[in-house]
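K.L.:
If you're matching them up, the sequences are chains V and H in order. Going by the working numbering, the first residue of the first sequence is number 1, and it counts up by one from there. Going by the working numbering, the first residue of the second sequence is number 1, and it counts up by one from there.
Hints in this document: simulated from the structure, not taken from any laboratory. Backbone N, C-alpha and C define an ideal beta-carbon position, used for all residues, glycine too. Possibly wrong hints are sitting among the right ones.
[To be verified] Taking CB as the label site, the calculated pair distances span:
| id | chain 1 | residue 1 | chain 2 | residue 2 | range |
| --- | --- | --- | --- | --- | --- |
| 1 | H | 180 | V | 155 | 39 to 47 Å |
| 2 | H | 18 | V | 93 | 26 to 34 Å |
| 3 | H | 193 | V | 155 | 45 to 53 Å |
2 protein chains.
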Amino acid sequence: MIEVLIVGSMGLDDIQTPFGKLLNTLGGSAVYSSIASSFFAKTGVVSVVGTDFPKEHLDLMQRRGIDTKGIEIKEGKTFRWSGKYEFDLNTAKTLKTELNVMQDFNPIIPEEYKEAEYIFLGNIDPELQLNVLEQIKKPKLVVSDTMNYWIENKKDKVMEVIKKVDIALMNDGEARELFNTANLIKAAREILKLDSDYAIIKKGEHGAIMFTEKTNFSLPGYPLEDIKDPTGAGDSFAGGFIGYLAKTKDLSETNIRKAMVYGSIVASLEAEGLGVTNMNFINQFKIKERFTEFQELSKF
Amino acid sequence: MIEVLIVGSMGLDDIQTPFGKLLNTLGGSAVYSSIASSFFAKTGVVSVVGTDFPKEHLDLMQRRGIDTKGIEIKEGKTFRWSGKYEFDLNTAKTLKTELNVMQDFNPIIPEEYKEAEYIFLGNIDPELQLNVLEQIKKPKLVVSDTMNYWIENKKDKVMEVIKKVDIALMNDGEARELFNTANLIKAAREILKLDSDYAIIKKGEHGAIMFTEKTNFSLPGYPLEDIKDPTGAGDSFAGGFIGYLAKTKDLSETNIRKAMVYGSIVASLEAEGLGVTNMNFINQFKIKERFTEFQELSKF
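Kindly generate the complete structure, drawing on both the sequences and the hints.
P.N.:
Dropping the structure here:
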C-alpha cells in the first residue's frame with residue numbers, strides 16, 4: 001500500500017540552461033515530487049500522459065519504487081513544456097506550453113490509493129485539487145501547491161483549497177500576489193488565518209520560512225555552488241517534505257521543521273543536475289551528509 | 001580609549017517611506033554603524049560635517065557613549081541625501097545627493113584613535129579607505145564596506161582595499177557585480193582568494209552568508225513584520241558586528257558567526273523605526289531577547 005499519494009502533472013520538457021540542454025525529458029510536478037518523496041516513503045502517482053509517452057520514463061519511476069498504476073495513458077499527446085534559463089538561473093522563461101491530454105485531466109483516485117494518509121496536491125487546476133479532496137478517505141496530512149496562473153485566474157478556488165488542506169505551500173511571489181502584500185510575514189499571517197496550523201513559504205535560493213501562531217522557523221537555502229537547473233525544485237521540496245513526514249508519522253512542529261530540511265536537501269541535490277537526471281545519484285548517504293551540512297551551516 | 005574606530009560619512013537625510021517621512025534627519029554610514037557598535041563597545045568616529053550640522057545630533061551620539069572628537073566641523077554645508085522607498089521597501093530610490101563638505105573629506109585619525117584595534121571603514125571613496133589604513137597602528141581586525149558606485153568607478157582601488165582588510169563586507173548585488181557572477185557562492189570564493197579568511201555577503205531581508213575555505217554559515221533574515229525603514233541596515237549590521245567582536249575580543253569562527261547574529265539584531269531593531277529614531281528604544285534586554293528569537297527560528 002502506498003504511504004504518499006501525489007496528484008499532479010506529468011509531461012515532456014525541453015529545458016535550456018547556460019549549462020546545457022535537455023530535450024523531451026521527463027518532467028511535471030507529479031514527477032519531481034514523487035521522485036523526491038520516494039527517497040522516504042512508498043509513493044503513488046495520479047496523473048495522465050498521452051500514448052506518445054515513452055515507456056522508459058515509467059520504468060525509471062518504477063525503478064525508484066514509485067507506484068505508477070494511477071497514471072492514466074490516454075489517446076493523444078503528452079503535456080509539453082519548454083523553458084529557458086538565463087545566466088542567473090532565477091526564473092525560467094516559458095517558451096511553450098502545450099496542455100494536450102492534461103487539458104481534460106480529471107483525476108480519478110484508484111480504490112487502493114484512497115486509503116493513503118499523506119497527500120500532495122501538486123500544481124494543477126484548483127478545481128481538480130478540490131475534486132481529489134472529495135475522493136480521499138482518511139487523510140492525516142494534505143499538502144497543496146499552486147502557481148501564479150491559478151491565483152490570477154481562479155483565486156476563489158485557490159483560496160478554497162488553502163482553507164481545506166492542512167499545509168498550503170506557495171512561493172514568495174505567489175504569497176505576495178495572493179495576499180496583496182510585499183511583506184512575507186504578513187502573508188504568512190494571512191495563511192494562518194485561513195485555518196492553517198503552519199504557513200510555509202518557499203523562497204527559492206533563499207530557503208523557506210515557516211510560521212505558526214506563536215513561533216517561526218527560517219531555513220536558509222543550501223549554498224549551491226554548482227547549480228545546473230532549478231526546474232522542479234519547488235516540487236522536489238514538497239515531495240521530500242511530505243515523504244519525510246509520511247516516513248516518520250510525526251506532525252509535531254519539530255518534525256515539520258526537519259521535513260523542510262529534507263525537502264530542501266532533495267531539491268538541492270536534484271538542482272545539481274539537469275532535469276531529473278540527478279535522481280540516480282541521490283542516495284541515503286548523500287541525504288544524510290547534506291543534513292549534517294545544513295546543521296553546520298546554521299549553527300551559531 | 002576607544003575600542004572601535006569607525007570612518008565613514010555623516011549627513012542629513014530626507015527619507016520617505018510608505019510609513020512616513022523624516023526630513024533633515026541624522027544619517028550616513030558612520031552614524032548608523034557607530035550607533036550599532038556603541039551597544040557593545042566604546043566607539044569613536046572620524047567624519048566631517050558642515051557648520052550647519054545641528055549640535056543636537058552630536059549630543060545624541062554622545063549620549064549613546066560615542067566619542068565624537070574625530071568629527072571635523074568644516075566651513076560649508078553638511079552632506080545631504082534624499083531617498084524614497086516604495087511599497088516593497090526593497091531599495092531606496094535616491095532623489096538627491098549633495099556631497100558638500102564630504103567632497104573633500106580627508107580623514108585624519110586623531111592620535112588617540114590610532115591605537116584602536118577594531119576598525120570599520122564605512123562606505124567612502126576606496127582611496128580614503130586606503131589612506132586610513134596607513135594611519136592606524138595596531139589593528140586586530142579591519143572590516144570594510146563599499147557600494148556599487150565605487151565598484152563601477154574605482155574597481156582597482158576597491159580590490160586593493162579588499163586585499164588589505166581582514167573582512168570586506170558587501171551586499172549580494174555588489175558581490176555579483178564585483179566578481180561578474182550571478183552565483184553568490186562563487187563570488188564568496190573569489191573574496192577568499194583575495195587573502196581573506198572570511199567572506200561575508202549581506203543579503204538584506206534574506207540575511208547574510210559567510211564562507212571560509214572549508215565551512216560556511218547562512219544566517220536567515222530576522223522576520224520583520226513591522227519594518228519601517230531599511231536605511232542604514234547594512235551599516236547597522238557592520239557596526240553591531242565589529243562592536244560585538246571588539247567587546248568579546250575573540251576572532252574564532254564561532255564568534256564571527258555570533259557577531260553576524262548581533263549585527264543582524266541591531267539592524268533589525270533599527271529598521272523597525274524611521275531613520276535612527278529607534279536607537280533610543282534599543283537596549284541590552286531587547287538585544288538578548290532577539291538573540292533568543294534568532295536561536296529559536298533557526299533550530300531544527
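K.L.:
Next step is simple, just say for each hint if it's right about the structure.
P.N.:
Evaluated hints:
1. H:180 to V:155: 39 to 47 Å: holds (41 Å)
2. H:18 to V:93: 26 to 34 Å: holds (31 Å)
3. H:193 to V:155: 45 to 53 Å: holds (49 Å)
In the structure shown, no violation is registered for any of the earlier numbered hints.
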